[in-house]
Amino acid sequence: MKRPRRSSTAGLSLLELLLAAALLAILLQKGISLMQQTARQTNEESAAVLLEERAQLVLERIARAVMGSDRDTLIPDHAEPLSTDDIEYRIHLGVQDGEVVWSDPEAIGLEDVDNSVFWMRMPEDAPEQRVTWTNLVRPFLEGELPNGMDDNGNGLIDEKGLSFTVDRNAVTIRLSLDRLTSDGRQITSTVETTVTCRNLSEEDLDT
Amino acid sequence: MEVVVSLPIVLVAAMILLTTFTAIYRQRSLTRENARVVEAMRSRFEAMRNEPFENIVRLYNADPMDDPGGPGTAPGERFPVNGVQPRPDTPDGGVGRIRLPIMNAAEEGELPVWELREDLVDAQLGFPRDIDGNGLVDEADHSFDYRILPILLEAEWQGELGPRTFRMFTVMTDFRL
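So the sequence lines, in the order shown, correspond to chains F and X. Heads up: the first sequence begins at 1 in our numbering, then just goes up one per residue. Heads up: the second sequence begins at 1 in our numbering, then just goes up one per residue.
The shape of chain F in the complex, shown without the other chains (with noise of 0.2 Å):
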């Protein structure tokens, strides 16, 4: 008995169909959970390139207060161990009549209550101005718990998520803020940096 022969113009038989279709799906599928995984891993790395950029721009926000800044009128004024949350200076704008004139009494803190970082101006006679550079900041600095211990081995106890350290003229800044990513998890930024007062007085140059 003589086997039917393929035509030259027939098409594919179901087999190889079926088997073409099986394995399409399995590149698609395993191109698309890459895809899916490159796209959720760039998503990650956004929020924390996007979230150290914040932490950044605070820090240098703070820099920039901290080295404009008179040194006599840093309060208070901590050296490690000890860190503060918050510091009050003056700005020494000039001088009058043989006097100095300063600016109104200004402050940057970590306020508990939302866990955001201030700044706020105090004069005397006028309503204060106060405005708010962030509220993602950690209550307690990364690695560190209320435990009355230096957990990071950063030299500090129990240090806020943002924290103050005054070594004579210079002021270091250490900033840890935190936020969720959109699939719930926690990402942080924790920046540091030291700046020194320009504006010294005649005692401080002496020494």
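Do not rely on the hints blindly, as some may be mistaken.
[Stated by the list, open to error] Selected chain X positions facing chain F (in silico; Cβ < 10 Å):
hint: 1; residue: THR31
hint: 2; residue: ALA47
hint: 3; residue: ASN50
[Unchecked claim] From the derived model, a few chain F residues whose C-beta atoms are all more than 10 Å from chain X:
hint: 4; residue: ILE75
hint: 5; residue: ASP97
hint: 6; residue: ASP104
hint: 7; residue: ALA107
hint: 8; residue: SER116
hint: 9; residue: TRP119
hint: 10; residue: MET122
hint: 11; residue: ASP125
hint: 12; residue: TRP133
hint: 13; residue: PRO139
Source of the hints: derived by calculation from the structure; they are not laboratory data. Ideal Cβ positions, reconstructed from N, Cα and C, are used throughout, including at glycine.
We have chain F already, so just place chain X on it with the hints.
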């Protein structure tokens, strides 16, 4: 036929998208690394500003024996940079280094004698140059009478895109002189 044609198109599109994602990721990593290094360098400059000008060389050179507070008490020439990986070939695992115009003036075979010299040849630091303000470049040690101090901060690290180097230069002086 349609499937055969569309499949390569889909694959090429997916490849382009993935390449774009990867490029964005790498660019962000690069920016982040640079920002961290610049911040660490700025902090180091500020810490140096906070010291008496005449002590800066002894505090930030590589010699622990001349530290103003006693041997081994000064920060030295190395400084850390948080968040970046040191290069595997770095002997002490450090990232940042402070370069001052210092040279070893000892004879070969003798213990090193580190001197702050005007006749040092170092184009990156801008030497030779006068640093004690007498208008001359000489061969003396100016560790105790320098009036200006060129400083180069250098960071070498293993970045996402391979080995990276970043330098920042400044000249410090004591305005009270």
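Those earlier numbered hints the structure runs against, lowest number first: Violated: none.
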